[in-house]
Amino acid sequence: MKLKFVERLHGVSPHITMDRSTKEIMQDVVIALTPAFLGSIYFFGINALILVLTAVTTCVLSEYVWQKIRREKLTVGDWSAVVTGMLLAFNVPATTPIWAVMVASVFAIIVVKQFFGGIGSNFANPALMGRALLLFLWPSTISGYVTTYHAGTDAISSATVLGLYKSGAQITEYSKWDMFIGNIPGCLGETSKLLLLIGFAYLCYRRVVNMAAAGAYILTVLLVTFIFSNEGLFQGDILTNLLSGGLILGACYMMTDYASVAPRVKVTLAVIAGLVTAGIRLWGKLPEGVSYGILVANCLSGLVDSIIKPHIYGVNVRKNKV
Amino acid sequence: MKDNRLKGIIALAVVTVISFGIIYGSKILVKDETGNGNDTDNNQNQEELPGAIDVSGAEGIVSARELTDDSGNITGYSVVSQAKGFGAQPVVMEIIFDKDAKTIQEAKVVSHSETPGYGANMEQESFLNQFKGIKAPIYLKGQAPASAADDGQNGGQDASETSGGFKDGIYRVEADSRDNQGYLYMLTLKVENGAITSVVFDAMNEIGEYKSYLSSVGKYVMTEDGLTWKEQADALAQYVIEHQSTEGLTVDENGKTDVVAGVSISINDFLDLTEKALKMAATGEGAEGTDTGNETTTASTEGGYGEIDAVSGATFTTNAILELVNNAYEFISNYAGK
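In order, the protein sequences belong to chains A and B.
Residue 198 in the working numbering is what sits at position 215 of the first sequence, and the numbering runs on without skipping anything.
Residue 132 in the working numbering is what sits at position 128 of the second sequence, and the numbering runs on without skipping anything.
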């Protein structure tokens, strides 16, 4: 009976403590996101700055007000609300109305995060849930993709590269280099893979993220979309799938969050998220699928955690190894 | 740990600055390549090739030249003209006119960045062949203004005599946001000689597909036996052209109307956009192609006109082609003194 109880514990002692706080980790994530943030301003103009500041301010204020009303310990200083705000803004296009970003921010912080017990207890990524709310209630608010200012022309409405690719069109307007540096229509923070990867390298250097989860997610999506592409078996465009959507943003900054700490669980969830994302891209109505892929994995984390049992110190030791 | 972070931040900052340098550098490189390319084209057309015509100050005209035979007699004109389509880069076409500076011998696509499968279909031979032998200005089939048709038979008409309540030009408006199905509604209203001569109502989804196209090929079906969405949109447009306003186009609480036969769609978006465009047309605000000088008007209405089919499913591309061909015609007819 006691053993069963112990097995159900998420992590059993002895615990390895880290010499860094949540605040330090979140600050590192903000630092890592800064190049992509600056890139979004370069590519999409002042709207990007306004939307990011709106989302961050609303998230921080929502958390502060909620905790004040509930007389809970204030956690605004841990910077997690800032990260949520930045990621939320990174997941919407530059034409998104400010009110929509504010509503999504309030929903992400209060409903998704605080209703479930605050940081570490939320069942899903709050930023992605905020985006999902907009997609569900007001899809038109986050579907106005525009071209970048990089080419020296005014921003004009345009389909995303992934949307064009899904429709079967040949991508002639944007080169792979454009996709890599961020000169394509898309959400604010997802377009420049170069700047996202620089930030991710910083997180790896700081040992903040699980590279295996990010790698497993990307490889799963690329493998499945390559094999079962609309062009035929084993004919998928790997680079377009990698560079044209939000795959790298999702893999590097959202697939690697702290929903579960067991590395094997993280990788398994990453593969599940990859399968869902690839499935949506191949057979779904939407051209993307990163948000829903990661959210599905978030929702399954408890189940996967219970199936993939962690090694418990001192129990379940095989006799032949003793 | 603090040193570790500081080193990381410094490295991040340095690499970020270098990356921005690379990104901006690639922009300059592309610009240079484009600039060199354009220079080459222009030089070829304007300087190296014989019969180059000065196009400075002519909006939308890239280059032009006279075509001559071995004896030096003018046999026609070549005009390279451009207009904004759906893609990031303008649609550029070369229009070869006969020596009367009105009859089109040939139209060639020089460059474009239109959506493959949609706007890019303008490169198809069947589309380009319809330009051969027709007279400029050109209109979509069935949308030529009555004044132009009369001019073709009666030999011209002064613009000032038929002026209505609107300023001449092309007015493009689109909805502020997409509807709950992801469609962005848009409307193009054309005013000539003070009268509305063309209304094109359409909607585009998130992946760039036009509702008119989807409905015409059976991918957007509302009812099995009624009019398609495109036919209903055309019927609404025809109502506005006939009445020169939206007056009388009443709607119920669901946005439906009984005024136009066969129309069952909610017309709130159509009404909003039309009224927006009419307000613009009343003041001339935001008009495109508003050169209403007598010389131009005479040139554009004298001696008949041509009609073409639209590029299927690509309203923006079609409008760009109409605009650039007619601009080319206005330019060359003014140059030739026709």
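The set of hints was computed from the structure by calculation and includes no laboratory data.
These numbers were taken from a predicted model, which means no experiment stands behind them.
Any given hint could turn out to be false.
Unchecked claim - For lysine to aspartate or glutamate, the following EDC-like pairs were computed, each having C-alpha atoms within a straight-line distance of at most 20 Å:
hint, chain 1, residue 1, chain 2, residue 2
1, B, 145, B, 246
2, A, 268, B, 311
3, B, 11, A, 214
4, B, 234, B, 289
5, B, 88, B, 104
6, B, 136, B, 311
Evaluated hints:
{"no.": "1", "hint": "145(B) - 246(B)", "in the structure": "holds (17 Å)"}
{"no.": "2", "hint": "268(A) - 311(B)", "in the structure": "violated (38 Å)"}
{"no.": "3", "hint": "11(B) - 214(A)", "in the structure": "violated (46 Å)"}
{"no.": "4", "hint": "234(B) - 289(B)", "in the structure": "violated (28 Å)"}
{"no.": "5", "hint": "88(B) - 104(B)", "in the structure": "violated (27 Å)"}
{"no.": "6", "hint": "136(B) - 311(B)", "in the structure": "holds (11 Å)"}
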